[in-house]
Structures are given as structure tokens and as C-alpha cells.
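Position chain B relative to chain A; hints supplied.
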Amino acid sequence: MTAVIDTLRLSAEEANKLVADGKISSDELYRAYLDAIGERDPELHAFLYVCENDPGDGIPIAIKDVIGTRGIPTTAGSKILESYIPVYDATVIANCRARGLRVIGKTNTDEFAMGSSTENSAFGPSHNPWDPTRVPGGSGGGSAAAVSAGLAPWALGSDTGGSIKQPAALCGHVGLRPTYGTVSRYGVVAFASSLDQVGPVARNVRDCAFLYSVISGRDANDSTTVDVPSVELPTADDLKGLRIGVPKEMNGVEGIEPGVSVAVNKSLELAESLGASVEECSLPRSVDYGVACYYLIAPAEASANLARYDGVRFGLRDDGADFREMVMKTRDAGFGDEPKRRIMIGAYALSAGYYDAYYGTAQKVRTVIKREHDELFERFDVLVSPTSPTVAFAIGAKIDDPVAMYMNDVLTIPSCMAGLPGLNIPCGLSEGLPVGLQLIAPQFGENTLFRAAHALEQAIGFDVVPERLR
Amino acid sequence: MTTTWEPVIGLEIHVQLKTETKMFCRCRNGFGGEPNSQTCPVCLAFPGALPVPNRRAIEETIKLGLALDCAIAERAVFHRKNYFYPDNPKAYQISQYDEPLCANGHLDVPTVDGVTRIGITRAHLEEDAAKNVHVATSGRIQGATATLVDFNRCGTPLVEIVTEPHLRDAETAKRFLQLLRQTVVELGLSEAELEHGSMRFDVNVSVRPSGSDELRTRTELKNMNSFNFAAKGIEREIARQIRIYEEGGVVEQETLHFDPAHEESPPLRSKEEAQDYRYFPEPDLVPVQPPADLVDRLRAEIGDLPGARITRIAETLSFYDADVLVTGGLDRLWADVVDAGADAKEAANVLANQFVATGIDPHSVDPGELAKLVAARAEIPRAAFDEALAKVGDGGFKADPYLEQKVVADTAELDPIIERIIDANAAQAEQYRSGKHGLLGFFVGQVMKETGGSADPRVVNERIRALLG
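As you go down the protein sequences, you meet chains A and B in turn.
Numbering of the first sequence is given in the working numbering, commencing with residue 23 and proceeding in unit increments.
Numbering of the second sequence is given in the working numbering, commencing with residue 8 and proceeding in unit increments.
The shape of chain A in the complex, shown without the other chains (with noise of 0.2 angstroms):
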């Protein structure tokens, strides 16, 4: 007979072998983790569309609903998009497949992936599952509620200015942000192109590392990708030699909650007992500048990717008189109020008379926060802070002010801006809730992440498994 199956538990790494060793089958896998879908997710709504009996010989996968999969609904957490199903599969998913991986379903997502708590999903928020009455975090919020409750071995995200990170650290488990460029975005549905990576939501960093190996490389259809360093799966759990930098501001800013400094600091101190070199430093404009460029480039990047939802080829269409009348109503009827109010941002920064302004100044900035990174990885290997300044906040509670929810992601944004890769792993509790630890690693650091956090993982021995489904 099968061995039972507890999803809430199983590595991917330990579900591929199960799978790969013959001691149950790759459907019996994929039937255990749509029973405990059919189980939990009533109740978090981590799922937008489950699929029944995708194809493959491998084990499942969750997919975030901004990365376009061929036949299954795709909607971005969007109305405009509700009825829209992609004619080609994304790189990535294209990459999963060719390794047998079978998607499981499409996770929520906070529209076009414009939020930090999944609460601006046109279907409706997911839930904590550390705390139903809590946000996931966002906009990735779905794809880190499905691995946290054993809904998913894990999951396909995407980062633009902490979407993977945060609810990584929410959620209490392994995310990362790639380095940008070495995932392809062809067939994501994009938000703000300079900004947007795809990236791996597992439960550990081996896990991480594994499926960053699957899904990064050059793409002939994503002309801002490149070679890749071959990724080494982790095994250290020593950081000897690691020069780790604190940059002070990421520390010490305000709103960081004193039980996630308290974790955060037990972890340095922990690094430092493995070997590692601890060291204060700073980068001063980054944190002082870095959420408001990113709110000037990102909408005005996502003014013009989100043009082409007009009514005309697919998706939602409200009929009017004339081409111009059908356009605004499409748009009116289909987008919520977070895209509307990056569109009216974004076209504000980019229109004649205030591009100078707004957008080139903003550039130029983010030219400032990537040197300023740089000259930080002279000295340092990986620089770390809290991922977020909270914990997971109740649903509801930032909803109504978009700036307090848009300071979720001061901590993220800066090294998204210099586009380097961010890896979140959970470091402890504070009010019985995950305290997510960022590590920041210069361009193409990717291996140094994961060894770094391996170590710390194992050191930490965070139980990612939330209390209350124990």
C-alpha cells in the first residue's frame, strides 16, 4: 500500500523522491495535495482556479495567476482578465513542464500584482494561515498561503517590489527574489518590466535553490535575460569567512515592530556563532528614496503594459459608440482602484512638462541606490534585514491608506531597485506570528543566498508548518 501523505510537512525534495523511487505515483501525490486543497483553502482562498489532473510525471506545482498558462485561466487577479485563457505557456512554466512538474492551480494574487496584502484581488483576499484574520501579505499572498498550509510543494511567484519577499516572511517559509534578468518574463503578465522577476515560494532553501535552477536561464523570447551561473544546491551549515553588512537604516527604520527586531538581531548573533563576520553599515538614500522612485517608475511602467486592455482582442469588453467610449468603459469596468491609481500616477510622471521631473529624476536615483549598493559589496558578501517591518497585519487594517500599505515594502524595494537578488527566510515568532529574515546578495549572488541561508536555516530550526494546522 501508499504511504500516507502529509502535505503539510513534505519538501519537494523529499516529495520527488518519493515520487521518483516508486513508493507512490505521481498522480497519488498530486490527489493528496488537491484533497488538502479541498480541505483548507475554503478557508484561506489561496487558490483562484485548481486544476484537476494537469499532465506530468513529476510532482505539482502552485502558480501564481500573473504567469500565463496554456488552456488554464489566467486573470492576474483581474476582471478585465476573468475570462481570459492564454493561447502559450509562459518560459517558466515551459521550464517546470519539461522537468514533469504539473501545475495545481493558479494562486491569488492582488490585481496585476499591485499590493502587499492580496486584498486588492478583484476575487477577493486570501488569508494567513498562521491567522485566517490576517493578510498573507502581497501581492504574492497566494502562492505563500498555499506552501505554508501544505496546499502546494511550492510555487511560482513574482517580485516587483517585494512580492515574493514579504509574503515569504508573512507566511513564515523560503522565497526569493532573482537577480534581474536570469528569468524569463515571457508570458508573465507584466506589471513594471524593469522591476518584474519570477521567482520559487518553497519551504526550505534547498527546495528554493532547486526550483531557481529549473526556471532561470537565457530566453531567446526575453531579450533582458542572460547567462546564468549553474546553481549549487546548499549543503554548509557553517558561514565561515561570510562578511555580512547591517545597513543601519534597514535596521532602524521607522515602524520595524520590536519583536521582529528582537528576531532579527537573535539571528545576526546566531551568524556570528557559525562563523560569520557581523558588521553595521549603511545606505543612506536607498531606504530614504527608494519607495518613492519605485512609485514614480513602476506605475509609469504599468500606465503603458496595462494600454493593452482595451476590449479589443481578449478579455472584458463593455461595449460604447465609438472605439474611445468602448475603451474607458472597458478599462472603468475592469480594473479596480489600485490599477487605476498607478495608471493615473504613472501617466502623470511620464506626461510632457513633468518627465523630467518625476520619471527622469527617479531614474537617475535608482542609478544612485544601485552604486550605493555596489559599494556596500566591496566589503560585504550578503547585507540582511528584517524583510518586513511587520508582522502579518489583520485584513482590513491598511486597506483604506495606500501609503501606510505601500511602507509594507520599504525594506524590499531598494534592492529590487539596483536589481539584485532578496531571499526571505522565517527567523523566529513575534505575537506567535513569522518574522521573515532578508538577505540581499550582490547581482548573480545567487549561490551565496543560498548557502548563507541554508546555514542559518538549519541553525534557526523555524518549524514552518503554522501552529494551528499542527
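To be clear, the hints were calculated from the coordinates, so they are not data collected in a lab.
Even for Gly, the Cβ is constructed at its ideal location relative to N, Cα and C.
All clues given are correct.
Below, simulated BS3-like cross-link-like pairs (lysine-lysine); rule was C-alpha separation at most 30 angstroms, straight line:
#, chain 1, residue 1, chain 2, residue 2
1, A, K351, B, K88
2, A, K101, A, K351
3, B, K88, A, K101
4, A, K351, B, K138
5, B, K88, A, K392
Pulled a few chain A residues facing chain B out of the computed Cβ check, cut under 7 angstroms:
#, residue
6, Y208
7, G209
8, V211
9, S216
10, D244
11, S245
12, A326
13, A329
14, R330
15, V334
16, R335
17, F345
18, V349
19, S373
20, A374
Here is chain B on its own, set in the frame of chain A:
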């Protein structure tokens, strides 16, 4: 004292490149095809689709830039030009803005008075739009219409060439356009067919008092589908603006649709509705940095350009003949026919006036046979010559069978025919004799008809005059 006025004319030309595939996707690039049969997620702008630039199109644009003596950018950037329209599926066109591939060039246009140098502000690469087809719908609402969109053309590589406002008259503007077209065709970049839209152009026109260097409000003429219409449209617009100024009026900045069937150019839109295109660098593409050795290789591939050939041939022939031969793509055949023994002027006459009307591909012609035909033109009947010329492009064409037919120049043979025709047209003969000498052509025509075209027209002319006299 009356003011004299100086026109200021600038051109903006779009040329579709005939690459195998489209600018940013791998769809076939070609005219025709079932509507929407040459499309993919990229050129339909489906969510998540990304552009990948066509290397060939970039190289060809650089080549054209070099042929126009432009500086080639070490770093060129694609920009997004944002506007909503059904034929623009991304709602932005990928174009170039302040960092084009080619800038600061010129084209030397030979004219009857020498060479006129026209500055080229820039030549950049962009993608073409789809085609909107407006149709009436059969429905309950009378006059309701719908727009269908064919995306086959969408994403075709398009080079935009912008001139400095250096042109001063319609004739030179027309010559510039013809020369540019021939340059593009000879470089192998485009068919540049006006009727298929693979070459299109807009004209900016203003006028100012002669001697002034001010730039007054300009109007833009769009949608001109022939070089002659362009010249006519420019002349008409110059006259219109001068009339407005002389009546104390103000020229409005507007776009005019040129309609050759009507005397007026109706306005399309005024600049009050001018769009803010919110250009910004296309984040889905990296800057283009053409390596120096590529630019050198492309430069080496450029041959003898048509402008220089017109000037050179005009030393032997008239400027007019040289211009027609070169811009008609006939000068190489002309040179070969002359080499084969034909008289330069005779050969030019035949090619520029008669051969060009046959539509025969000059490459299919055996210059030796054509040279024989040119040499015998005066000695064989007009009809035989025309028939031979129509077949000169056929495989294995031989001139000899046509050369055996001789014209009838014998007055003993022609005079009775002429006399008969004069008798049969007594009224016209009387009018001629009373001074209406224009009727000579009528009688010549009758004789040529009667002789089946075999009579020598010079002899016929001479004899009719004598016999009517």
C-alpha cells in the same frame, strides 16, 4: 511693394523593410495573406508577450543611415510611444525618440542647376501598425459601423526618415523622394511601393518672406500616394498659405489629407488635439550598441549610389534623361546597351520614353539584342519596333526577325496613298490650306493607319506638307 515668399519644406518618410520576419516577433513579414494569418502572441500583444528585436532590420537601418551619410549611434534606444487605437494592440508603438540609430546625414539631390544638399535629421527604426477596415454592419441601427482589424501588417519593420526643412520647391521635393526611393530599392531594403504602402510620406510646408530665416507655422500633408500628387499638393499648399498671408490671415497648424480629386485639402485634425505620447525608454529591450566592425562591414556593402550616378550620367546625357534612367532603375541597362554599340542618346530615348512604359524587368533584357533594336529604330516600321520592344524581355529574344522589316520611305509608293487620303478628307484639307496647320498630325495619323505603321514618319510629314501646299 509686394512681398515675395519662400517656401520651407520638410519631409517625413516611412519605408517598410522586406525582412523575412517582423520587427519584434518571428511572424512572416509580407504583403497580403488571409487577414490575421500572420500573427502570434507578440504582435497581437497578448498578456506577457515580449518583443525581441530583428537583427536584420537593425543592420538594414544602419546601412540606409550610412548611405545617407548619417552618424551611426554607438548606443541607440527604443522608446514606447503611447496612444490608444485599434490598430495599435499594445497601445504603445515601439519606436525611437531621442537616441535614434542614425542621425545628422544628408542626401545630395542632383537637379538641373546642380546638386542640392538636403539634410537628414534622423533615420530610426520602429514597428508598423495593423490595418483597420471600417465596415457597415447590418443591424437595426441605421448607419452603424464596425471596425475590423487585420494584424498581418502589425509589427512590420518600418524605417522613419526625417529631413531638415531644407527643401524650397515642390520639384526638388519630388526629386528627393524619387532618389530616396531608388536608394532604398537598390540597397535591397524595401520594395518601396507607394501603391502597397511600403513607402509612405508626409510633407511639412510653411512659407516665409524671402530673405527671412524665421520658421512660420507649418501644415502637414498626409496620405499622398504618388510623387506627382506630392508635388501638386505642395504647390497647392504653398499657394494657399501665401494667399492667407497676403489677405492678412494666419495659417493654422493642422494636418491636411491630400485628395487629388478635389482642389481643397480638407483638415484631418488641428494641433489643439495634439497627443502627448508620453515617450519613455522601452524596458523590455536593451539598448542597441552596433559594434564598429559591423558598421564597417555594412559600409563596405554599399555600392555606387544613384545620386552620384545621375550626376555622372548627366555629363553625357541631359540631366532629365540621366534622372529618369537612374530613378527608373534603367541606367545600368542603358550603359550595357551603349557598350553593346547603341548610340547613348538614342538608347536613353528608347529606355526613358518607351521601354519604361512596358514594365519589363530590365534585368531580363539581353543588352546586345536591345542595342541592335535601338540602332535600327529609324529603319524599321514603328509597329515592328513596338512589338519587338514589348518582347525584349522574353527569354531567347532575338532582334533580327524584326530588323528584316523595313519602313516604307519611297515617295512613289507613299504619294498615291497620301493623295487618296487628302481627297477623302477635303474639308480638313481646305482648313489646312487656310492656315490650320495643326491638322498635319491628323493626316499623318491617317497615313500611318493606312500603311499599317510601316511608313517612315519623316517622309510622310514631308510629303503631306508638299502635297497639301
